[in-house]
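Peer 1: Chains as they are written, first to last, in the numbering used here: chain A, 5 to 243; chain S, 1175 to 1612.
Read the hints as simulated data drawn from the structure, not as lab findings.
None of the values given here were measured: they were computed from a predicted structure.
C-beta: ideal position from N, C-alpha, C; glycine also.
A hint or two may mislead.
Here chain S is said to cover these stretches of chain A; the calculated rule only asks that three of the stretch's residues, wherever they fall, bring their Cβ under 8 Å from a Cβ of chain S [what the hints assert, rightly or not]:
hint, stretch
1, 52-61
2, 84-90
3, 113-121
Take a look, some chain A residues computed to stay more than 10 Å from chain S by CB distance [stated by the list, open to error]:
hint, residue
4, P21
5, K74
6, R76
7, D226
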Amino acid sequence: MSKEIVVELKNVTKIYPMGDERIVALDGVSLQFERGKIYCLLGVSGSGKSTLLNLIAGLERPTNGTIVFKGRHSIDKMSEKKLATFRQRYVGFVFQSYNLMPTLTALENTTLPLIFRRIPKRTRNKKAMEMLRAVGLEGRWRHKPAEMSGGQQQRVSIARAFVNEPEIVFADEPTGNLDTKTTIEMMNLICKMAQVHNQTLILVTHNLELSRYCDEVIHIRDGKIEKIEDVSADKIEIA
Amino acid sequence: MRIFDVFSMALRNMFKRKVRTFLTVLGVVIGSVAITLMMSLGVAVNLQHQQQIEQLGHRANRINVWVDTWSTGLNDIVVDDDMVASINAMPGVRVATPIFTLWTSLTFTHGPYMADLQIRGILPEAMPYMGLNVSEGRLLTDDDDFNIVFGSAILTQFRHPRDRWNWQMSPWGDISQEATLDVLSMPIQAFVDFGMEMPGRPYMIEGVGILDGMEWEAQTISYMTLDRVVEIQRDLERFLLSMGSFWGTSVDDGFSELVVIAENADAVSHVAEGLRALGLENVWYDMEWINQQRESTESLQNLLSAIGAVALFVAAIGIANTMVMAIYERRKEIGVMKVIGASIKDIRRLFLLEAAMIGALGGVLGMALSALVSYIMNTVGMPFLDNLIWGATGDVSVIPPWLYMLGFGFSCGVGLISGFLPARRATKISALEAIRTS
Ligand SMILES: Nc1ncnc2c1ncn2[C@@H]1O[C@H](COP(=O)(O)OP(=O)(O)OP(=O)(O)O)[C@@H](O)[C@H]1O
Ligand SMILES: [Mg+2]
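Please take these sequences and the hints and turn them into a complete structure.
Peer 2: Here it is, written out as structure tokens:
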């Protein structure tokens, strides 16, 4: 099986100027992410995990180095307009604090990425209902975020991240606000969805337990890659 | 995003904060009502002016000029044929004619009946523009010689000699049985009568028409061509001179009255200025006081419109403030939308549309309220305002369809304009806001 590189970081550095000081959040990081694999970014607080994720998702631009998507496009050089299209087509995002639109129902929140892609209403509602069914919330499609529990909101958020069939899904501490039982449910859900569609999943966490869902664990310390561990042998089998 | 989706999402955001939206819309309502009502007062005034001009009819175009021919001085202006010709050539002038009234009445005889008629000489082409129309026959033409157009009361002016000076008599007097008295079929003998008879020719004058209408100029005055009336006047002056009782200025020293017809009501004041520039001092026209009245109300209108504009401006600030606050509140939402694929254009349109909808909603409600307040002003408040402001009759406040559209358009425009900068600000918000924990 030939491996397909989805994203490649080449010598990426991110420096935040803070007054006179310069905070080096990422220091010459080079990495490759393969299609269909699940990655876990592990490191202590302040080590640069979120920064790495934001750079790949194009939310921020690196100070140095380049990030290449599918061997052709440099994410760091895209215009705002290109970035919007890039996110519409290829990126899904699961937030720690769910970040659903409070005025929209579960269904509407799920369709939002498709709305930005100008998909007609019938098509996008059908697709979103499928996603809600997959996350076990089809009965709740009418509900507003305020009427749902944290776990349920995170399910909607997962449905929203996968609805546009992205190539990479980012999840920055997706279970940080959830209890253990719900965490396991969410992890099962996310990993299963990524697996089914052969999508790349990049997961940020403190939780060593969660590394058991992954193929590779990337250890970060002080903005540098400490080591990359292949843990696919120990990977939990998801039904 | 499809425009319909932008629309429904903006609508939802708008009603998320009901009280704030309500207050902002209220600001727009007040602003649009203020400007619409203020302008409606101006429309009403203009409408009244228009009606006054319409009521004037042909007089709206008319200028009367009197020239003092009695006192003589070095710089006295003489209105002769040349002067009349040059006035006729002035831009904006349709026709100018001297009005020359024969110094004495002409006595017309018809069978046993006699009529003492006041005669005016006039240039025939001016007649139609002075509101003179015939009920029978025709008006004068340049080719007419000793021809006359009688006033509309001509048949009541013929009386039997024994009743000649009895003005108490009912019209027709004792010729009522001869109601078919025909004054147009053949020449009538006419002579100048001072109580004693002027020797020389009795004039044989043929009637060509009878005027229509009850205006004094059409009722008891009869018209002949200027040349013929001047000719009769010269005969008269010669006679008086021979009697040693001529005084005053001769008709050959210039005319004392002119009527100038402008091409339209708007040209009147301009023509009047031209006449005054020629040195004519006694220039009068009905449009003058209408124009003066308009000028005096215009400054009031401007003041009122300025008040309306200020109210609308305050409403614009209200919208801008609301939008800035909304964007501040929704920084995180905007960031999230960007992360999941919203383009800059989507975000700009979302906020611009929300602002425009606040304006539009305020506009719709404002126009409805304007209609109501305008109605109340015209019924309840009219007598009061009427006396206070212009003392004319009619509606105080008139809102034509175009003003409704203008008021609504203003509101939408104010929404769009005041939403512009906040919307730009919204697009500048970073996608990172989605991640940032508050
Ligand atoms: N916008 C910023 N401005 C300045 N410094 C920043 C900014 N964002 C991150 N940093 C710094 O960069 C470093 C890496 O931050 P990052 O958020 O990537 O850490 P993290 O590994 O995600 O930590 P955590 O587990 O607590 O989320 C930290 O020292 C942080 O203070
Ligand atoms: Mg982090």
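Peer 1: May I ask which of the numbered hints given earlier this structure violates, with the numbers listed in increasing order?
Peer 2: Failing hints: none at all.
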